[in-house]
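Enquirer: Sequence:
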Amino acid sequence: MPFSAHALPSSAALASALAPHAPDPESQSVALQSIDKEILSAEKGQDPSTRAARASGGSNSDRRKVCKKLEQLVVLVRARHEKSRDPRDLDKAVELAAELVHYTVLSDAERPTRTHTLASLLGTRFQLFQQAPDLDRSIHHYASILDPSSPASFTGQHPQGHKRGGSGAEGAGAGRETWMFEYSQRLAERYEARGAESDLFRAEALCRAALEQKGLDGTALAERQSHLAYLLQYKIQTLARRDPPEISMPDMLLCIGLAKQALARLPPSDPRRTMYRLRLATYLNTSFKYTGNSAHLDEAISIFDDEFPEFLDTDVNGNAPTPPLSRSSTLTGSTGSGMTPPPAPKQDPSKPYHLRAAAQNLLARYTTKKDPRDLERATTMYRRALLFLLSLHAQNQNQNQSGESESHASAHPLWEDLSLGLLDCLDRSGRKRLNVVISGGGPVGQTLAMSIALQSVERSMVIGGPAVKVTLYESRLMPDGKGGVRWRGADDTPPNTRRQQVITLQDAVIGNYDKAGIPWSRVVWNETLNPDGGERVWPTSRQVPIRQVEDTITAYVQSTKFLRSTVEYKAGSMDAETFDTIRPWCDLFIGADGAGNKSFTINHPEFRFSRTTYVEEQMDRALGVFVDIKGPKRQQAKNVFLTIAQTIYLLNSNYGTLGYLNIRLPGHYMNSMGDNETLESLANSDSILKRRVAFVIKGGLAMFDLPEKDVHAINRIELPMSNSTRYLATANRNPNPNPREAPGRNSTFPVVLAGDAAIKFNFWPGRGANSGLIGAFGLTTTLYDILPTIRPGQSIPVERFMLQVGLLSTLQVREHEGRGGYIQSIGIDQRYEDVFGPQ
Numbered sequence: 158m159p160f161s162a163h164a165l166p167s168s169a170a171l172a173s174a175l176a177p178h179a180p181d182p183e184s185q186s187v188a189l190q191s192i193d194k195e196i197l198s199a200e201k202g203q204d205p206s207t208r209a210a211r212a213s214g215g216s217n218s219d220r221r222k223v224c225k226k227l228e229q230l231v232v233l234v235r236a237r238h239e240k241s242r243d244p245r246d247l248d249k250a251v252e253l254a255a256e257l258v259h260y261t262v263l264s265d266a267e268r269p270t271r272t273h274t275l276a277s278l279l280g281t282r283f284q285l286f287q288q289a290p291d292l293d294r295s296i297h298h299y300a301s302i303l304d305p306s307s308p309a310s311f312t313g314q315h316p317q318g319h320k321r322g323g324s325g326a327e328g329a330g331a332g333r334e335t336w337m338f339e340y341s342q343r344l345a346e347r348y349e350a351r352g353a354e355s356d357l358f359r360a361e362a363l364c365r366a367a368l369e370q371k372g373l374d375g376t377a378l379a380e381r382q383s384h385l386a387y388l389l390q391y392k393i394q395t396l397a398r399r400d401p402p403e404i405s406m407p408d409m410l411l412c413i414g415l416a417k418q419a420l421a422r423l424p425p426s427d428p429r430r431t432m433y434r435l436r437l438a439t440y441l442n443t444s445f446k447y448t449g450n451s452a453h454l455d456e457a458i459s460i461f462d463d464e465f466p467e468f469l470d471t472d473v474n475g476n477a478p479t480p481p482l483s484r485s486s487t488l489t490g491s492t493g494s495g496m497t498p499p500p501a502p503k504q505d506p507s508k509p510y511h512l513r514a515a516a517q518n519l520l521a522r523y524t525t526k527k528d529p530r531d532l533e534r535a536t537t538m539y540r541r542a543l544l545f546l547l548s549l550h551a552q553n554q555n556q557n558q559s560g561e562s563e564s565h566a567s568a569h570p571l572w573e574d575l576s577l578g579l580l581d582c583l584d585r586s587g588r589k590r591l592n593v594v595i596s597g598g599g600p601v602g603q604t605l606a607m608s609i610a611l612q613s614v615e616r617s618m619v620i621g622g623p624a625v626k627v628t629l630y631e632s633r634l635m636p637d638g639k640g641g642v643r644w645r646g647a648d649d650t651p652p653n654t655r656r657q658q659v660i661t662l663q664d665a666v667i668g669n670y671d672k673a674g675i676p677w678s679r680v681v682w683n684e685t686l687n688p689d690g691g692e693r694v695w696p697t698s699r700q701v702p703i704r705q706v707e708d709t710i711t712a713y714v715q716s717t718k719f720l721r722s723t724v725e726y727k728a729g730s731m732d733a734e735t736f737d738t739i740r741p742w743c744d745l746f747i748g749a750d751g752a753g754n755k756s757f758t759i760n761h762p763e764f765r766f767s768r769t770t771y772v773e774e775q776m777d778r779a780l781g782v783f784v785d786i787k788g789p790k791r792q793q794a795k796n797v798f799l800t801i802a803q804t805i806y807l808l809n810s811n812y813g814t815l816g817y818l819n820i821r822l823p824g825h826y827m828n829s830m831g832d833n834e835t836l837e838s839l840a841n842s843d844s845i846l847k848r849r850v851a852f853v854i855k856g857g858l859a860m861f862d863l864p865e866k867d868v869h870a871i872n873r874i875e876l877p878m879s880n881s882t883r884y885l886a887t888a889n890r891n892p893n894p895n896p897r898e899a900p901g902r903n904s905t906f907p908v909v910l911a912g913d914a915a916i917k918f919n920f921w922p923g924r925g926a927n928s929g930l931i932g933a934f935g936l937t938t939t940l941y942d943i944l945p946t947i948r949p950g951q952s953i954p955v956e957r958f959m960l961q962v963g964l965l966s967t968l969q970v971r972e973h974e975g976r977g978g979y980i981q982s983i984g985i986d987q988r989y990e991d992v993f994g995p996q
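The working numbering applies: residue 158 is where the sequence shown begins, and numbers increase by one.
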């Protein structure tokens, strides 16, 4: 995108905000009735098929009559749209104008005027509905009458100025220069949308030519001068981004000069003065950025002080008071008493842009003069801009009673830029960040990192709390050679075999994240980033490979500026030595590194975590038969029916081609198998138990229509349902504390378990990943409920996480004594004896 950090909303957006009030409804109704009568009269005997027959098959005189009637209809319907603002009138005007141009021969002297009418109508429709094809068609028609070298041109030469009949703009008698100015505006709009330099430079040339028109009144001249200054600002930024940068001082001085001239020509009561002054402030800021002219920066700040005192809220001494901040919590099910900022009665959509520009100017002056008041005021402006977006979103949500919207204020295009600005201010102020360390980068660990970072804006920074720094340790990551990390593969040293398991994620679980401004669905279900994930097998859930979740979140965090400034990946595992290095600065340690023997958190002696297994004598064992079918995606309706009809086989796959066929086995069958078994080795074994296992595997493959040749691995899996006897611990900042000394107020920090480290589920009911994500969501909520009550320099008391303990305990009981317990209680040994006999 061509926007700079100082870009303001487009002319159309600001003009819309400054538009005058609608006329009196009664007088407007009378005017509309009059226009309707004229349209009905003009449309008599003028249906499209009749016009086509007369224009195509009749004489030149008939064709001209058809065109004159169409011209009359275009003017009338356009006038009705200007009164009614009904989009159907605008659509009809466009259709009639296109029909008129179609029936007008190339040699007709009216062809350029009629083409301009169509181009103008298409431009109006684009400004209202932002449909790119309308903008492209408008530019195409302008090019046909103003660019003789354009493929769209039908004249081969520049047209002469045309006097245009009709009402409104069409009756102004303006000539070729006016058309060129409109053409320049359309090209500028396309440049803003797509960033093509050719559009920008052509728009500049057209606007310069349009300024040569004689007889313009002061307001019209001011409009063109302001537009050229706007284009020059973009040109300066475009040239500065080149390698090496090109700084055009003449363009910069001309830009500022034109902006000041345009302001001087506008009468004091003109509502556009606000927009023009804002732009002048932006141009002055750009001049300071590239030339270091501090006088321009001071002038830019004074514009905001004079024009928008209600935004800066400065007292007589120039100090900005702390804004009345309220904690906004959109986390569903939050246990805190979060409040949403009250929506204002009238919301000006340009306000956050003004606040950002004010903050950027103040921050730029602070960089030069180091006046702490400028930094404090910049911080205030960023906070207020973010609060405004939250308030605006709350107002929009209240107006939308359908409940269909899952959006969040963070979807606004300014949200990330404002968040980065506020983060920069807090870092410059020297305020310590809240340091969170996560051990483990699986789906739960990655989601926690993303959630804690993104929620820090709304639930901490905006209400005066600290910024956050998240550090995530994962041994399966490695440097990518570009300053980031990537997941280690089978060909790397040491090798890592990526997990191919497919998990089922519930919409209700993921929806909590989306509504809280954590774009889980937009990231993981994104068809571009993850073309093979997000399959809907059940109506309220999706299937996705675990590795796709890990890959897409890692890519998103590293490609998003704010997250990249907040989350740091460490390619290595957490161990005792590494843990000792983080003790001095860690504020919260989260163990999301699993429940196995290699897990650092649950096995570290200082934390004294221990595990208990649910009904250990009934522990399930299974084979995971990895299937990777090369070919088209397959329907899974049959797979769903077969899976829920029995409790021996469970197929977790993505589009029926990639995943695991899980097969429950008795313990003595599992113990008979060795490592690295294949279907062939099992079938040809001397052991009757192994041959029976091969028979069971082949039966499952046949039942789900999975080819034996596409079996790539057979893994033994134990399915113990276990949980930690406690979910919280305390770590000392000093690795060798004196037991005789009482701990100080910042001598410890909490350790919290998450994911499998807290509770390990039987995956058969399909709730392990969902429960882990629910726990992660609850932990984020609890953290930001606690944070406002902690004084600076004080460690977070571990007992403040008791609500999270309650959530984890509820999940453990629900799964271990509910669905998981039911599956595990179904004796698998008896099923095998029924088929094969006792062993």
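Note that these hints are calculated values from the structure, not bench results. Note that the coordinates shown come from a computational prediction; the quantities given were computed from them, not determined experimentally. For glycine and all other residues, C-beta sits at the position ideal for the given N, C-alpha and C. Treat the hints with care, as some may be off.
[Unchecked claim] Straight-line C-alpha distance at most 30 Å; calculated DSSO-like pairs for lysine-lysine:
(1) 527 - 718
(2) 508 - 392
(3) 718 - 672
(4) 392 - 371
(5) 417 - 392
(6) 508 - 446
(7) 371 - 417
[Unchecked claim] Quick list of simulated restraints, FRET-style, between CB atoms:
(8) 396 - 656: 42 to 52 Å
(9) 293 - 802: 52 to 62 Å
(10) 986 - 755: 47 to 57 Å
(11) 287 - 656: 37 to 47 Å
Enquirer: If a hint holds in the structure, say so; if it does not, say that too.
Expert: Hint-by-hint comparison with the structure:
{"no.": "1", "hint": "527 - 718", "result": "26 Å, holds"}
{"no.": "2", "hint": "508 - 392", "result": "25 Å, holds"}
{"no.": "3", "hint": "718 - 672", "result": "21 Å, holds"}
{"no.": "4", "hint": "392 - 371", "result": "26 Å, holds"}
{"no.": "5", "hint": "417 - 392", "result": "18 Å, holds"}
{"no.": "6", "hint": "508 - 446", "result": "23 Å, holds"}
{"no.": "7", "hint": "371 - 417", "result": "21 Å, holds"}
{"no.": "8", "hint": "396 - 656: 42 to 52 Å", "result": "49 Å, holds"}
{"no.": "9", "hint": "293 - 802: 52 to 62 Å", "result": "55 Å, holds"}
{"no.": "10", "hint": "986 - 755: 47 to 57 Å", "result": "31 Å, violated"}
{"no.": "11", "hint": "287 - 656: 37 to 47 Å", "result": "43 Å, holds"}
Hint compliance for this structure: hint 10 is the single one not met.
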